[in-house]
Each structure stands twice: as C-alpha cells, then as structure tokens.
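The listed protein sequences correspond, in order, to chains A and U. Quick note on our numbering: the first sequence kicks off at 53 and runs consecutively. Quick note on our numbering: the second sequence kicks off at 5 and runs consecutively.
Keep in mind that the hints were calculated from the coordinates and are not lab data. Be careful, since some hints might not be right.
Result set (DSBU-like, lysine-lysine): computed pairs, CA atoms no more than 35 Å apart in a straight line [claimed, not checked]:
{"no.": "1", "chain 1": "U", "residue 1": "K120", "chain 2": "A", "residue 2": "K73"}
{"no.": "2", "chain 1": "U", "residue 1": "K264", "chain 2": "A", "residue 2": "K318"}
{"no.": "3", "chain 1": "U", "residue 1": "K117", "chain 2": "A", "residue 2": "K73"}
{"no.": "4", "chain 1": "A", "residue 1": "K247", "chain 2": "U", "residue 2": "K100"}
{"no.": "5", "chain 1": "U", "residue 1": "K153", "chain 2": "A", "residue 2": "K185"}
{"no.": "6", "chain 1": "U", "residue 1": "K167", "chain 2": "A", "residue 2": "K318"}
{"no.": "7", "chain 1": "A", "residue 1": "K185", "chain 2": "A", "residue 2": "K318"}
{"no.": "8", "chain 1": "A", "residue 1": "K263", "chain 2": "U", "residue 2": "K153"}
{"no.": "9", "chain 1": "A", "residue 1": "K406", "chain 2": "A", "residue 2": "K435"}
Given the structure is predicted, the values throughout are model-derived calculations rather than measurements.
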Amino acid sequence: MNPDEGDDALYPIAVLIDELKHDDVALRLNAVRRLSTIALALAPDRTREELIPFLDESIDDEDEVLLALAEELGAFVDYVGGPTFAHLLLAPLETLAGVEETVVREKAVESIGKIVAVLSQHQVEESYIPMVKRLSASDWFTGRTSACGLYAPVYTLALPQTQELLRSLYSGLANDDTPMVRRAAATHLSKLTKKVQKEFIVSDILPMFVKLAEDEQDSVRLLTVEDLIAVAESLTTDENKTHLLTILQSLCYDKSWRVRYMVADKYVQLGKAVGNDIVREVLISAYVRVLKDGEAEVRTAAAGQVPGFSLLIDPDTVLKEILPCVKDLVTDTSQHVRAALATQISGLAPILGKDNTIEHLLPLFLQLLKDEAPEVRLNIISKLDKVNEVIGIDLLSQSLLPAIVELAEDKQWRVRLAIIENIPLLASQLGVEFFDEKLGNLCMSWLGDCVFSIREAATTNLRKLTEVFGVDWAKQAIVPKILTMSTHQNYLFRMTTIFSITTLSQVANADLLKEFIIPTVSTLAADPIPNIRFNVAKSLETVIPIVRKFAGQDPALGGALEETVRPTLVKLSEDADQDVRYYAQRALGVLQG
Amino acid sequence: MADQDNGWKFAQCFGDKGDVEEVTEADIISAVEFDETGDYLATGDKGGRVVLFERNEGKKGCEYKFYTEFQSHEPEFDYLKSLEIEEKINKIRWCKRQNSAHFLLSTNDKTIKLWKIFEKSIKVISESNLQDAAGMGGFTDAHNLKLPKLVHHDTMIAAIPRKIYQNAHTYHINSISVNSDGETYLSADDLRINLWNLNISDQSFNVVDIKPVNMEELTEVITAAEFHPTHCNLFMYSSSKGTIKLNDMRMSALCDQHSKLFEEEEDPQNKSFFSEIISSISDLKFSRDGRYILSRDYLTLKVWDLNMENRPVQTIAIHDHLRGKLCDLYENDCIFDKFECTFSGDGSNLLTGSYNNYFHIFDRNTKNDVILQADKSAFKAKRVGSTKNKVGGPAGNGKKAGTGNRKEDFANVDALDFTKKILHASWHPRENTIALAATNNLFLFQQS
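Work out the full structure, taking the sequences as your base and the hints as a guide.
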C-alpha cells in the first residue's frame, strides 16, 4: 500500500474525532451520530478505556447533541466488545438520565432498557442495581424521575432479594415529595406491575397504586388509570372486587374532569381488565355517568368507547342503559362529541342486530347525517358499510337515500367527496335500475363541480361504476352525457371530458374505444385552449397502449390508430404552444415504441 | 414609641446612587422576585434586562451580591398590527430547582421566556488529532488516533433561553404563575388566561376568556392571576371591578364558571366617578399556606379568607390621605399605578408600596403599621454611621431629617413626590428581609 493512501484512510476518522469537540453544534451532532464509526476505528479496547470515559466527562452539551448521544449509546454494545462489557455503557447513560431536558432523559432510560436485556445476572447486581439506587436517591428530582423507568426492565433479571429491594425503593419513589417523581412513578407502575410476581401484587404493588390513585394532584391521579388496568389484569376477579372496587369508583367519579377523561378514554380496557362482575355492578352505571358528564372532553372520550364497551355487556342492557345516553349524545351541544359518536355509532349495529338497528339506530343515523357540522356528517357516512352488513342495502337505501342525496349537494366539498367515494358501494348493492333512477344524474352533475378534487373523484367514480354495471351500461348511461359535455362552452367541462375519457379507457372494450373514445379525443385536439390540447396529447399517451391491446381483436382499431391518432398527434406536435408540442412528442414516442 | 420602625433597617442598595435627576428609562426596575430559597433575587427592568443577586454567604446577616445579568427581551415590532412591543419585563417567576442550574420565567407584554442560568465551565482543547498530526507521521495506524483532550479554562455564569412561549396573547400579559405540580404555569393578559406546559412552547390552553363578542360591551379586564401554592387545580384572578374569582380546573376545561367569588359590597354613599378606578385590584397573592388571599387596590390592602367570600377579614387603609386628591391623581395618571403587594414568608406581615418611595409593613397580629422610606437618605444615614439612621424627612419637603414623625410626613399630601413610587416588592420566603424597587434602585431592608 502506498503510504499516502494510508494517511488518507484514517484521516476522515481523525477529523470526526476532533469534531466531537468542535465549536459548531452541527458538526458535534454529526460526530456523535457517527460515534459507531469512531468506535470501530478505535477497536473495542480503546472504545472501553478511552471513548466511553471521554463521553461520560463531556456531558455538558446542547440538548440535541445529548439526545443523539443517548440514542447512539443504546446500540453500542457491540462496539465495546459485546455483552461482557455492556455494563460500561451505563455510566454515561446514568449521567444523561439526570440532565434537565425531559426528552434526553427519556431517551437515556430507553437506551438503558435496551442494554439491560443483554446483561448477565452478575452485571445486573454489580452495575445496574447500584445505578438504580443512586438515581432513586439523587438530590434532584430529574434523576429520581428517570429512575422510575429503570425498574420494570430489570425486575425479572434480578435475584429475589434484589427484587424485594427494588419493590421497596419504588415505593419510596411513589411516595416522593415532588409531584414530578410521583407522576413518573405512576406512569411506569403499570409496566412494573406486569413484571412483578403475582404474590407481591397485593402486598407491595397495591399499596403504591392506592397511594398514587389518591394523590392530591390531579396530574398524578390521572396517570393511575393505566396502572389500575395493569393491576386488575394481574389479579383474579374476586381480588379485584376486594381491593379495587372503591378506588375504581373514586376514579370514575373523580372531581377532576381530566381524571374522568382518562377513565372514559380507557373504558373498554378497564372493563376487560376488571371482569364481568364489576362491569355489571359498577361500570355500567359509571359509564352512563361519564356519557352524561358535564365536560365535553369527557363525553367525547366516552362516546368513542360506545361499541367497545357495549360488547362487554348483554344487548338488553345496551338497549336499556347505553342507548338512551347515545340518543342524548346525538344532539349534544359539542360538535366534537357528536363527531366522535358518529365515527363509532355504526359499531353498535352488529351488537344490536337487525331489528333493533332499524328501530333504534336508523333514526339516529339520519339525524347525524343532517348534522350542522360537516365533520359529523363525514364521519357517519364513512362508516355506513357496517350498517349495510346488518340491515341490508334495501332498508339502508330507503331510509338513508334522501339524506345521502342531500349530502351529495352539501356545501362542504369534503362531505361531497365522502359521498362520492361511497357511491360504487351503494351502486353495487342497489342494482342498475335503482341507480339510474336515483343517483345517475347526481354522478354526472359532480363532473361539473367547482372543486377539482370532486371532479377528479367523479371521473374515478365513473370508472368504478362501469366496472360494476359493465361497458354496455356505460355506453347508454355515461357516454351521451360526456359527449354533450365535450361541446360545452366552459373549457373546464371540456377538460373534465378528457379526464373522464382517459379514466374510462381503462375499463373500455374495443367498441367503446373505436366509436367513442378515439373520435371524441381527436375532436378536442382542435380546441382553442392550449390546456385542452395538451391534455388531449396526454390522454392519447394513455389510450394508445390500451388500443394496441384490442387491435388484435379488431383490425379497425389498428387502422384508427394510424388514420386518426397519428395525424392528430403530428398536428399537435407542430402546435404554437410549447407545452402542447412537448406532450404530443411524448405521445408520439409511445405510438412509435 | 420604643421603635416606630419595629426593628426594620436599611440593609443594602443597588443601582446608581448619585443624585442625578434624570434617570435612564431603561434602568427603571419593573419586577422584583426572590426565589423559593431566598438565596437568590431577580430583578427585571424596562430595558428588558434581568439581573440576579446571590446571597453573600461570607457575610453575617443578610447580604446580597451581584450574580449575573442578561438581556431577556429585546424591543420588537409587530408588523401585522403595526405595534411596538416593549422589552420591559412585566413579571419574573422562579421555577422549582431541578438541578444545579436555576430556571426562571420572565415576560414582557407578549412573550414569555424560560431561562436557564447555570455555571458553565469553559474548556479549551489542548490536544487533537489534526493539531498534532504534523509530529505523528500521519494516520496510518489506528493507534495514532486520539480523543481530544480538554483543559479547564474558566467558569462563567451563562443564561440561555430554554423555551420561548409566544403568539398566545393578543393583549398585554400582566401575570405569570408557576403551578405547584411543577409542570404547568399560567399567563394572564387583559382578557384571557392561558395554561402552558413548561416543556411545550408551541401550544397552550385557554382556561379563562372574558372577551365579549362585541368589544364595545367590554366592562372589565383581568388585572392579575395566580396559582394556589399547593392545590394544583386552583387558581384565582382579579378584575378591574375589584372582584377576585377562584377557579377550579377540575370542573371543566374552560373555566368560565368560577367556584368562588370574593367581592365586597360597595357602600353606595361613597360612590363617585373614581369608585371603579380605585376599586380595581392591582395585585393579588396567596399566602404561603394557601388559606388567605392578599389583594391591593388603589387605596387599601385587603386580606381575604378563602372560606369567606362576602367580605375581607382585614382591610388596611394605605392611601386614605389621597382620597381628597383623586382628581389630581387622575389628571397625572397616577391613579392607574399598579402597586404590588406581598405576604411575608410566614404570612404574618404584609408589604406594599406607596408614593415618595414610602412603603408599608403591616403586622396582621399586632396591627402595627410600619412606614419606611426606600430613599437615598436611608443609606446616606448609614454611611455616616449615624446611630439615628431612621431618617424620616423625604427629600425636599423642607423639614430637618430625623425630626419628624414619618407617619405625619407620609400623610402630608402636598409634599409627596408622585414620580417616586414603590410599585414592586418581594419578601424573602424564610426571613424578614424585603427587596423593593425604587425607580432605578433596588433596596433591601431587614428586621433585626
């Protein structure tokens, strides 16, 4: 090897290493991001002995650099020489877990969680546990907050006596003076609960949970809903009744709406965790309460849980207890509540069955379809397929069609769009006659909509309808209408004509291509508007390969390609407009190829 | 009278002590606040600067020394509304300490900033790869690679803005208050109160909105707001109509409904053109235990018990002698001065300011009202070593220093200098030491 080349080989690494301490943050950040490259160059020995201590000493940097460092160190086990030395990474991460910026601390905790998985029991006892002890007893709350996240990952790896220590240390954190630490303890308690052996749940975990769930700070209590679920899942139904009933009730009826919100938001999980008995005895009445809560946010969360929770109880109770509340929510004063309900209400149809859906739910659907807020209407429309499965399209169309037709002309284009997207589904179930009679004109009127997205969706809709009803239907129902549009004086209509034709060509047969598509497009090539002309060229570019496909069946089509399409394109390629020439050239290329 | 000052003595004065009549506008102190330990004291001024003072441990007694200074806010221009945004610091609030650094919130009319103040050790690189490459013979071998070596160069106190919370207030911010949960704080402007998470600077929740649909129907503005010291769900705000509303955030997301309304029925006989102006509450504070509320209006200090809404438990007349002068005070805008008020750390004493650099320390138990003056005469007297350093005579009223009773001077309306006023003051959380802003000077007094 040439010595000069040798010089260069390590030169970039040398620069990178120097950049770890560069004045420019961007360069430091980059160097940290490529820490693995540096470590590879240094080899595991020097990484352990020099790089890691160096990093540990230099943790007084900008947050973004620290964040990157915390992340890199999580994947650093291989670079220090494998799991045997993995515990060495804990030192810098411990320092990072004590900095003031929350995201850096969280990332450090996450990385520690990755490293603990490869540690041996010896390493756990000698390095990890002491670190947990130090952080749990650190002077500033930042360290103690981070400590809360370190218990769950290590618990199952520790020796029994250490586990006992961990439980008691955690209890200290759950009783900390600062609300920040108690919040962190509440956040991580659910994870720890899942790891702790069953026999210690009641004796050790439960007291901590009760303490946190009765905390004076709302911000702590609201985090315990998650813990409640975890505790309830690890206990038997009977134990749940003895230990959790009161606390569950107090959370459901908490004075703070934020706590009730969390309960409402996790209601289904909560119901599943505590078991059927408690659901019947406590949760049903409590659910009725949250559905009628004074705070709109709580009702919104509760409305989202309606079908999920209804699955947990028998249909009669749903009818008797839940449905009256749902009826009230349909006319709720807050549109967010109604919107949440509109998304979920159709989920009740399978639970209630056909008859009940027709009797009770259909009027509610209709009401939601007429809601003043577009978001509500949109949500209910997009979930209609579920109802369709239960009551069948006949009933659905009879009762809902007037509302749908009304919505098809809604002021909000997103609502119109949602309706269009549901049309093929409706069409396939309604059958041709019914469709032509009720919806045919509507579909064509969308082609002239003032919003481009609607016109675009309308053309796609035509293609889908052709797929459903066949090409013959398209010839009779669609083609004449498009033809009239091709001579409309507004160029936007003529533009839509081209788009529809292009889309239709994908599902067309030889006849349609020969008699309708090619002639219409070619006629439009003489349009005075350049935009139309170059779209003709673009359209032909798509149509040509399709025509070729059918040319084998119908020789006349091959002729049309030469007799009509080519001259049109040639003419366009000599157009005065540059864009028209460009697209015509492209289409000619396709014709040639 | 054994000691009309009740043991209160001048301790320190910071700022330009000369007799210059012209004070630079930017040097006028607009906010004073002790931190929760009392070891640090922060002031903000009209020039947008924040100055921190540190307890001088070496000295006996309570003495502070300069710690650091930084530019918190700069003058800005809102191009959309063609409005100048002053850099003046309206309020400073310390956050709970979470490590060796200090955190505080400072605000001007529109923008709140979270500052981190910490001792930064400045290190310089003594060895690096490229610097020493010449002597090493290139980078042929990985053994030649080395990590940069740093040597300690100097320690400096750095202040960096950790978070900037902006674009949330249409009107002028008058208060900020950190919540006991350590996670959130509120900011109040004339018509709205917003709730923030300290970690999130790009969104806040509106918890109070008293803006009428039609601004012509506006009859009331928010003048101050504060969180309860221990219950994270409670906060209160005062209005220009002299009412204090206590709100419970547990009840609903938007706190339109107050849970308590503290208001004193006005005596119809006293009603005058100025009634509404002088009843406007300029500042309010919770006592440390959260049991009492202290409010200040133009003429009085009031102490309210959280459990009694219909009248204050104590009303202390501060400006009774000004009742006859309201017309003049209206003319020269002084009637709109916003005097702050504060409880002592143990809640037994109240502090508020007045004109001519006078201020009151009122003992709630003995009803003893001490009137002192944060004036240059105070430290001059100390400097010459006078044993009678409770010099009373306000400068320029013609009386000989030390001869008059300060209470008489205080009430001598015609001799008061209305340009000198103690608007901002803070009480050490654990000791009887107070800090007062007198124009461009920071005064510290303490009780021996």
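Inset, instruction - Would you mind confirming whether the straight-line C-alpha gap from K120/U to K73/A stays at or under 35 Å? - result: holds, 22 Å
Inset, instruction - Assess, step by step, whether the Cα of K153/U is no farther than 35 Å from the Cα of K185/A, and give holds or violated. - result: holds, 32 Å
Legend entry - Restraint check for K167/U with K318/A, where alpha carbons must lie at most 35 Å apart: holds, 33 Å
Legend entry - K406/A paired with K435/A [C-alpha distance capped at 35 Å]: Holds: K406/A and K435/A sit about 16 Å apart, inside 35 Å.
Legend entry - Given hint K73/A paired with K117/U - CA-CA distance at most 35 Å: holds, 29 Å
Inset, instruction - Would you check the hint for K264/U and K318/A, treating anything up to 35 Å between C-alpha atoms as holding? - result: Roughly 32 Å separates the two Cα atoms, so the pair holds.
Inset, instruction - Could you grab the alpha-carbon distance between K185/A and K318/A and see if it respects the 35 Å cut-off? - result: holds, 33 Å
Legend entry - Restraint check for K247/A with K100/U, where alpha carbons must lie at most 35 Å apart: holds, 34 Å
Legend entry - 35 Å limit on alpha-carbon distance, applied to hinted pair K263/A and K153/U: violated, 50 Å
The structure shown violates just one earlier hint, number 8.
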